[in-house]
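Just need the whole structure built from these sequences, with the hints factored in.
So the protein lines, in turn, are chains A and B.
If you read the first sequence in the working numbering, its first letter stands for residue 14, the second for the next number, and so on.
If you read the second sequence in the working numbering, its first letter stands for residue 14, the second for the next number, and so on.
Worth flagging that the hints you see were computed from the coordinates, not collected in a lab.
Fair warning: this is a prediction, and the values are worked out from it, not measured in the lab.
Please note that the accuracy of each hint is not assured.
Any copy will do: because identical chains look the same in the list, a pair fits if it lies in one copy or spans two.
Listed below are the simulated DMTMM-like cross-link pairs for lysine to aspartate or glutamate, each with C-alpha atoms no more than 20 Å apart in a straight line [what the hints assert, rightly or not]: (1) K265 x E343; (2) K449 x E192; (3) K438 x E407; (4) K265 x E337; (5) K101 x E17.
Protein chains: 2
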Amino acid sequence: MALEKFFSPNSVAIVGASADTKKVGHVILKNFAERYTGRIYPVNLQEKEILGLKCHPSVSSIRDKIDMAVIAVPPAVANSVVKECVEKKIEAVVVITAGYKEIGTAEGVLRENELEKIVEGTKTRIVGPNCLGILDTETNVDTMFLPEYKMDKAVAGNIALISQSGAFASALLDWFFSEGIGISKFVSYGNRTDVDEPDLLEFLLHDKKTKCIVMYIEGPKDGRELMATLKKVTKQKPVVVLKSGKSTAGIKAAASHTGSLAGSYPVFRGMLRQAGAVEAETLDDAFDYAKIFSTQPAMKGKRVAIVTNGGGYGILCADACTEECLELAELSDRTKREIKKVLPSYSSLHNPVDLIGDANADRYRATLDALALDPEVDAIVVVSLFQTSSLGPEVVDVISGISRTRKKPVVVCATGGAYTGTLVKNLEESGVPVFKTPNRTLKALRALYTHSRNR
Amino acid sequence: MALEKFFSPNSVAIVGASADTKKVGHVILKNFAERYTGRIYPVNLQEKEILGLKCHPSVSSIRDKIDMAVIAVPPAVANSVVKECVEKKIEAVVVITAGYKEIGTAEGVLRENELEKIVEGTKTRIVGPNCLGILDTETNVDTMFLPEYKMDKAVAGNIALISQSGAFASALLDWFFSEGIGISKFVSYGNRTDVDEPDLLEFLLHDKKTKCIVMYIEGPKDGRELMATLKKVTKQKPVVVLKSGKSTAGIKAAASHTGSLAGSYPVFRGMLRQAGAVEAETLDDAFDYAKIFSTQPAMKGKRVAIVTNGGGYGILCADACTEECLELAELSDRTKREIKKVLPSYSSLHNPVDLIGDANADRYRATLDALALDPEVDAIVVVSLFQTSSLGPEVVDVISGISRTRKKPVVVCATGGAYTGTLVKNLEESGVPVFKTPNRTLKALRALYTHSRNR
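Spelled out as structure tokens, the structure:
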């Protein structure tokens with residue numbers, strides 16, 4: 014199976030490498046030249062050298078063994094380059110070039126069919142055409158050709174993202190990176206003439222750098238195959254699926270976007286559930302679920318403890334907990350005794366635990382210590398409203414300390430501006446996911462529980 | 014009616030003003046000393062002068078007329094100070110002091126009952142006790158005693174926020190300000206011994222600086238009165254209501270937080286709808302709805318046009334449009350002709366209008382111009398994925414130009430990191446609300462439609 018070569022090639026040919034800084038073929042070559050440590054072979058008929066790298070007039074003129082080719086030439090010649098790649102026994106080919114079936118003309122469809130036939134029965138696999146290709150934060154394979162200044166710098170992490178839509182994925186990646194959320198691998202596979210979702214899922218199942226998989230899909234090529242693969246993968250890793258083309262209007266739009274048959278959404282949804290995947294109903298969900306899966310351990314039961322320094326937030330969290338079909342934990346007597354020691358005499362000792370507006374880090378510490386040991390509690394939601402006078406930045410260490418014990422999930426809810434933002438960043442850097450609102454916090458927790466239970 | 018005096022007093026007595034910078038009475042005095050332009054009378058028995066202002070030993074010892082008093086003294090003496098205020102004929106009294114019925118003891122309840130009786134039948138009105146009090150961004154009345162560095166600087170605007178919970182409100186305000194969303198007035202009324210939601214709603218209805226009202230409530234004192242007032246107010250201004258204490262667990266938590274009887278949520282919900290209020294199901298909704306109401310004109314029908322440079326986002330928007338019970342507009346022939354001029358020949362001319370990944374600002378301009386004039390379109394959703402090479406920052410002016418015609422709502426959906434963030438800020442500063450995801454964009458639009466229709 015050649016998929017490994019897409020992510021860890023020893024040598025890469027970039028066909029359509031260009032000296033013109035505005036061209037896709039230049040941006041891609043530059044990505045590799047700057048960060049990739051394997052051998053790079055720019056292919057360009059006219060130029061002798063680009064970015065200090067010797068050019069080759071064609072793929073076949075390269076003497077050395079090539080593991081991967083990236084093709085960014087006009088559509089009229091792309092297929093003949095792929096043919097050369099097959100002859101040269103290149104196992105991984107990324108066809109960036111657009112102008113295939115996605116344009117909806119007979120010419121485009123013919124070109125796509127021809128491409129499919131070129132690799133049929135060979136050892137060459139194709140990602141694309143009409144795609145952004147691949148980003149691997151470990152090996153620095155990076156075929157994304159978006160202007161660098163328009164996107165936040167890639168962050169390495171344990172989330173893999175695979176996406177039928179390139180623009181969608183680049184926006185989501187940009188959002189991930191801006192919040193310090195790292196990815197292991199990203200694949201935009203465009204028209205998926207060859208490599209498709211099941212291939213990628215199967216590969217990512219065995220990828221040690223990947224802890225969870227996020228997937229954007231309009232419609233599967235083969236629903237049954239996808240579900241069979243999902244069933245296998247989700248036994249070991251969470252797969253978050255954002256499906257578009259759910260409504261009549263959306264299905265119509267999907268047909269004209271990628272030509273996908275989005276199919277019946279209720280059926281797809283039921284199949285996802287059976288396959289153990291976690292559906293993200295919205296893009297916000299996909300983001301939040303990725304964040305919680307990438308950092309938190311399994312949630313063994315549905316009993317949640319809520320700790321807060323704002324009573325209103327406690328109520329909102331309790332409501333959200335119910336709405337997400339989770340349960341408020343009954344605190345053990347030991348926990349109540351411990352909390353009683355640090356709270357004013359008139360405080361109630363119920364869950365949500367209201368540490369009251371004048372809570373400081375010590376009050377959080379005593380409470381979180383008790384909850385971490387409480388066998389009645391499966392996960393802890395910590396509301397930290399950093400605007401109050403008494404709550405100092407020390408609480409960040411308190412929370413991340415508890416979280417590091419790694420015995421149960423700990424998530425934080427914090428709303429605010431710049432000052433809060435700094436503390437949120439500190440929390441997230443220490444591996445504690447923070448959500449801005451009660452509903453999003455509990456919804457993410459529910460996704461974690463759903464996967465833990467399914468597994 | 015004395016409520017005006019809470020927001021535009023000519024003179025303010027601050028009782029419990031302190032020289033100790035850590036004390037609430039110091040922070041409040043400092044707020045006034047720095048920004049408020051009326052006369053300020055610190056009241057403190059020991060000190061002669063604080064922050065350069067002459068102190069008075071008691072309220073009754075002040076010779077001049079006082080419009081408003083802010084009380085931040087220990088609970089044991091607070092009621093006697095209020096008595097003095099009544100005798101001095103002060104019409105607006107904010108009791109910051111906590112230790113009333115919210116502590117749940119007999120002493121607290123007695124104290125609250127006594128406070129109620131002190132002002133009964135007088136011209137003195139009380140906001141509080143146990144509250145953050147008032148912030149007026151025009152007159153700079155500001156009784157919020159949170160450390161300045163922990164919250165973003167207040168932004169003036171047209172949203173009024175009234176909240177039963179102080180901590181909730183400070184977190185939400187901080188979030189508003191951090192995104193440049195401005196407020197006209199803010200009231201945290203705590204235990205609402207006297208001034209309550211109907212009083213405030215009635216006042217805000219006539220407040221020229223307020224375009225929309227956001228309200229956080231656990232349970233009303235008098236549900237019927239609240240609904241009657243809402244019915245009146247929502248005929249002229251949108252009121253966004255975030256209710257907490259919806260679930261059994263939440264109702265229990267609310268009872269121990271503010272002692273509110275949250276009551277039956279389905280009943281409350283039905284009443285809200287009948288009263289023409291817009292319910293925010295979540296805190297995210299409350300934020301988003303405030304943003305759209307503060308900037309956008311009425312939405313006269315439910316027909317939405319979607320314009321995008323990412324096909325996937327178009328589909329997600331179409332799905333969300335359906336989910337929010339809005340409709341995708343059928344574009345007029347004129348609009349289709351205009352769009353056809355700027356799009357590649359193979360493009361489909363349907364709604365969502367996919368301007369394709371290589372769209373530039375000109376393509377957006379031609380399309381938005383046509384949609385703005387299209388009588389079949391009631392609102393425009395513009396998806397701007399700024400990561401693509403071809404879409405320059407000029408598109409910001411294009412979108413805000415269209416929006417300024419003010420004939421129909423224009424909202425933007427943009428996801429991303431730092432670069433996108435800068436352009437989003439520019440858009441929002443020009444009065445165009447931007448939402449991070451398709452679902453949030455369409456949900457906000459639906460709220461706008463709901464209010465426009467109710468009215």
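Hint by hint, here is what the structure shows:
In this assembly of identical chains, K265 and E343 lie within 20 Å of each other by CA distance solely across copies; the values are 13 Å between and 49 Å within a copy. Both within a single protomer and between protomers do K449 and E192 lie at most 20 Å apart by alpha-carbon distance, with minima of 12 Å and 14 Å respectively. When the C-alpha separation of K438 and E407 is checked against a cutoff of 20 Å, the pair qualifies only within one copy, where the shortest distance is 14 Å, while the shortest distance between copies is 32 Å. In this homomeric assembly, K265 and E337 come within 20 Å of each other (Cα to Cα) only across copies, at 18 Å, whereas the closest approach inside a single copy is 31 Å.
Taking the shortest alpha-carbon separations for K101 and E17, only the intra-copy value of 18 Å comes in at or below 20 Å, while the best inter-copy value is 83 Å.
Against the hints set out earlier in the document, no violation occurs for any number.
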